Every structure is written in C-alpha cells, then in structure tokens.
Amino acid sequence: MAAAAGVPHSSTTYFFDSLDDMIGEAVAHAMAAELERLEQFRSVLVSGANSPGAAIDEFVEIVRSQSQDHTVAQFEIYLFASRHPALRVHVEKILDETRALAAAVLQTNGVTDPHAAAAVVALIDGFALHRIARSEEVQFQSLAHALRAAIVGFVTLAATSSLGEGDHSPA
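When we follow the numbering used here, the leftmost residue of the sequence shown carries the number 323, and every step to the right adds one.
It is possible that some hints are incorrect.
To be verified - Quick list of the computed label-pair ranges, beta carbon to beta carbon: (1) L401 - Q429: 27 to 35 Å; (2) S340 - A455: 13 to 21 Å; (3) E361 - L445: 20 to 28 Å; (4) L479 - Q388: 27 to 35 Å.
The hints are simulated quantities; they were obtained by calculation from the structure and are not laboratory data.
Quick caveat, the model's predicted, so the values are computed rather than measured.
Note that CB positions come from ideal geometry on N, CA and C, so glycine has one too.
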C-alpha cells in the first residue's frame, strides 16, 4: 500500500498494524464525511426552504452532481464491510441516518408508513448501482419519477388500507 501511495513503508506501518486497520480507518473517515453531507441535506429540509416535492428534485440534483468515484466507493465500502464485520457498524450508521432522512422527507409528503423509508433508500441505492454499472447515460428524471411514484403509492396504500380496517366483509 505504501508503494502505491508513493510513501515509505514505515509511514503506513507506524500508524496501522495491518492493511485492514488502514482500510477500516478510511471507511470510518468516509462514513463520517457522508454523515456530514446527510446532515447538511437534513438542515435544508428542516429549514423549510423546500416545498415537499422540491425535496425530491433537490435530492436528485445531489445524486446527479455526485462523482462516479464517490458512488463506486460507497458500494465498495458496503462490500468490504460485509467481509469485515467490525466495520459494519459504520455502514449501518450511514444506512440508519439515510433512512431517517428519507423518513423525514416522506413525512413532509404525507407518508407515515414505517417501511417506506427503507424501500425508498433501497430504490435510490439500486438506481446508484445501475448508474455505475451501465455505460449508457443515466436518465435522472427516471429516479425523480420513481421517487414520486413511491410517495403516491405509499399515500394511496395508507388510504386504501385504512378503508377496510375493522370491516372484514367482502367489498
């Protein structure tokens, strides 16, 4: 690793006992930066600067402006943590914070389903994964449409589910 970085071997072994320790520190650092980015986005939402639908457009713009390298690193960190359980705590914290942020955005759009945030985060991650895997230009409008459709779906699901509560007779 030191040779690849162009530094003396002793500079890495002085600070880290192993390659896994060094990668673990890099993962922790990357996750801290991601938490800071999520907090900035949360601040924008809490300030009320966005109408409910504008939050989706702003989020899609954040995804659009994110570098491919950042997205690749995100998934590599997920995969690395799957093989190094001690690092999962960092990834789980990011996922929890991302879901909490998604829940806040969904609530501003009238979605209270406790499963909605996890589904929306999975949708976004799936879009990001396809973005790095495909050679063709990504249509970010499709992500915006999918997020809006998810909101409409969860609002509709809540409305139609509550219609039949307590009434088990055929419709």
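For each hint, the structure was consulted:
With their beta carbons about 31 Å apart, L401 and Q429 fall inside the hinted range of 27 to 35 Å. Checked against the hint of 13 to 21 Å, the C-beta distance between S340 and A455 comes to roughly 31 Å, which is inconsistent with it. Here the CB-CB span from E361 to L445 is close to 22 Å, well matched to the stated 20 to 28 Å. The supplied range of 27 to 35 Å is met by L479 and Q388, whose beta-carbon atoms lie about 30 Å from each other.
The earlier numbered hint that this structure contradicts is number 2, and it is the only one.
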